[in-house]
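Trainee: As they're listed, the protein sequences go chains A and B. When we follow this note's numbering, the leftmost residue of the first sequence carries the number 1, and every step to the right adds one. When we follow this note's numbering, the leftmost residue of the second sequence carries the number 1, and every step to the right adds one.
For the record, the hints were derived by calculation from the structure and aren't laboratory data. Everything numeric in this text was worked out from a predicted model, so none of it was measured. Watch out, some of these pointers could steer you wrong.
[Stated by the list, open to error] Dumping the calculated DMTMM-like pairs for lysine to aspartate or glutamate here, alpha-carbon to alpha-carbon at most 20 angstroms:
{"no.": "1", "chain 1": "A", "residue 1": "Lys54", "chain 2": "B", "residue 2": "Asp167"}
{"no.": "2", "chain 1": "B", "residue 1": "Lys102", "chain 2": "A", "residue 2": "Asp264"}
{"no.": "3", "chain 1": "B", "residue 1": "Lys166", "chain 2": "B", "residue 2": "Asp149"}
[To be verified] Per the computed footprint, the stretches of chain A lying under chain B, defined by three or more beta-carbons under 8 angstroms from a beta-carbon of chain B, are:
{"no.": "4", "stretch": "198 to 206"}
{"no.": "5", "stretch": "341 to 349"}
Built from N, CA and C at the ideal position, the CB exists for glycine as well.
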Amino acid sequence: MAEIRNYTLNFGPQHPAAHGVLRLILEIDGEVIERADPHIGLLHRGTEKLAESKPYNQSIGYMDRLDYVSMMCNEHAYVMAIETMLELEVPERAQYIRVMFDEITRILNHLMWLGTHGLDVGAMSIFLYAFREREKLIDCYEAVSGSRMHATYYRPGGVYRDLPDKMPQYLKSDFRTTKELEAMNKNRQGSLLDFIADFVKEFPKSIKQYDDLLTDNRIWKQRLVNIGIVSANRAKQLGFTGPMLRGSGVAWDLRKNQPYAVYDRLEFDIPVGVTGDSYDRYLVRMEEMRQSNHIIEQCIDWLRQNPGSVMSDDHKVSPPSRVEMKDDMESLIHHFKLFTEGYCLPAGEVYSAIEHPKGEFGIYLISDGANKPYRVKIRAPGFAHLAAMDEMARGHMLSDVVTIIGTQDIVFGEIDR
Amino acid sequence: MEDLKEQLIEAFGEDNLVDAFGELTLRVDSDDIVKTCLKLRDFFFFDTLIDLCGVDYLTYGQSEWESDASSSGFSRGRETQGNEDRHEMRFAVVYHLLSVSKNYRLRVKSYVDEAEPIIKSVTDVWASADWYEREAFDLMGILFENHTDLRRILTDYGFVGHPLRKDFPMIGEVEMRYDEELGRVVYEPVSIEPNINVPRVIRK
């Protein structure tokens with residue numbers, strides 16, 4: 001009789017369904033996974049070590065590059081840690097801007113997840129539709145920070161600058177007729193808020209479109225229903241947070257349970273799943289996009305009615321205006337000190353966590369009183385999720401591994417750090 | 001949080017509990033870590049281990065800027081806080097616990113010695129500790145007793161050293177390039193020099 005042995009398969013790191021640089025060593029019996037051993041660290045850049053060698057403000061840019069599809073949320077956790085230690089008051093308007101951009105980021109992240117998850121499982125068209133809307137939100141990022149992705153927009157004490165009064169428009173080009181150009185610039189006539197308001201109005205229609213494409217799609221359901229089931233207790237044991245935990249039926253959301261910024265003043269619901277399979281997590285994330293849309297709506301209303309400062313006027317932390325700086329000796333000194341040396345935090349330690357699109361993103365900051373952090377530990381949600389890969393994939397077919405990677409919403413920037 | 005604080009003081013004593021920046025930190029002797037964690041999980045309902053990390057206190061409170069100018073105003077003067085906060089033990093293992101059911105958090109801190117940086121693994125208490133302990137081992141060189149699979153996780157295959165230790169240079173120790181003659185990748189001592197753009201200054 002022929003000898004039957006388990007087969008070890010190397011999956012990735014260069015695989016389109018590996019979402020970046022995941023290397024999986026799969027031990028398979030026929031097509032059934034016996035053991036999955038993820039090898040990570042191929043994108044390790046030593047963010048924590050780098051942050052130790054730089055003044056506080058210079059590390060904000062590194063935060064963008066952690067989870068590179070939800071940039072501003074990462075920044076939020078980092079600046080919040082610094083603000084807690086300095087006991088710094090953040091202007092209300094800055095808080096609302098942050099919440100609005102956090103939710104824009106959540107939609108950005110979930111659209112990215114939806115597109116790639118669909119692509120992995122075999123639904124090609126959803127990717128194009130998701131990226132169509134994503135592009136508009138990326139334009140908001142660009143309008144407000146000058147950068148499409150790595151914004152560095154949040155600063156300790158507020159945000160870098162107020163929302164622009166004018167939304168940038170497409171320029172005339174040989175490849176566009178005047179009519180086309182007019183159509184493209186139709187929703188860009190007013191301010192950034194007008195542009196976002198227009199997006200918020202149109203976006204439910206887009207979600208409806210994704211819904212029609214996937215929710216009742218036979219193949220989509222065949223690939224997702226009952227794949228990677230995690231019970232509520234097990235999810236907590238494994239350190240799951242965010243949609244992964246809510247998909248298992250636990251109504252836990254830091255925005256509700258431990259509100260930060262101005263989330264306690266906004267109205268929104270927390271969707272939860274029932275069975276804890278990939279399909280439930282899909283439904284949870286879809287509903288989260290609708291809720292985010294609703295939150296952005298409320299922020300726009302508030303921001304329209306309440307102009308004001310968006311940055312703390314404590315010049316030990318925030319730079320003085322250019323005009324003041326040219327005019328006033330003390331402002332000049334503040335400016336110089338801030339950009340050469342930075343500011344010192346009191347000695348101590350703090351852990352600040354936010355509800356990141358993927359789960360709980362936390363920054364554990366230890367300061368010894370210097371102008372640089374003594375230790376920064378980044379708690380990335382994806383790290384705990386990927387650690388559960390073995391448990392979730394065991395007993396499933398090889399093709400289901402791809403579904404599980406997709407449902408975990410893996411991004412290597414944050415896992416490898 | 002006040003309720004939790006009272007209960008913790010009752011169970012672990014006031015000396016071991018620190019309340020700073022609205023967060024509670026519990027100091028635990030490294031020998032008792034598993035026992036304490038079980039107690040925290042079963043009687044204080046800390047159902048989730050959110051994070052686990054190692055901290056190296058080797059250079060705590062040291063600055064790079066030497067000067068005897070004044071310590072007030074805007075001058076370059078500085079006053080070191082000394083190493084008053086420095087601990088006799090070099091390493092700490094920090095656990096961040098979250099109770100989803102009760103909605104509160106706790107930080108547990110346990111110090112381990114440099115000569116013997118070993119602590120018992122809490123993988124049996126919380127499953128999520130598995131990878132976090134591997135990470136702390138990889139980056140800090142802290143050993144976790146009874147961990148079933150203590151391999152490196154973030155650094156390269158065959159990496160030497162523990163990069164987040166304070167005595168590990170920022171620029172690393174080796175660099176890698178492809179050697180045409182040998183037809184393979186070779187490792188050599190780093191050719192770049194360390195560079196501090198902004199000195200570390202401690203001000204009160």
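Trainee: Against each hint, give a clear statement of whether it holds in the structure.
Mentor: Here's how the hints hold up against the structure:
Straight-line distance between C-alpha atoms of A/Lys54 and B/Asp167 comes to about 17 angstroms, which keeps the hinted pair within the 20 angstroms bound. The straight-line distance between the Cα atoms of B/Lys102 and A/Asp264 is roughly 19 angstroms, inside the 20 angstroms bound, and the hint therefore holds. Taking the CA atoms of B/Lys166 and B/Asp149, the gap is near 26 angstroms; set against the 20 angstroms cutoff, the hint is violated. For a cut-off of 8 angstroms, the count of residues in the stretch 198 to 206 of chain A with a CB near a CB of chain B stands at 0, and the three-residue condition is violated.
Counting residues of the stretch 341 to 349 of chain A whose beta-carbon sits less than 8 angstroms from any beta-carbon of chain B gives 6, enough to reach three: the coverage restraint holds.
In summary, the structure is inconsistent with hints 3, 4 from the numbered list given earlier, while agreeing with the others.
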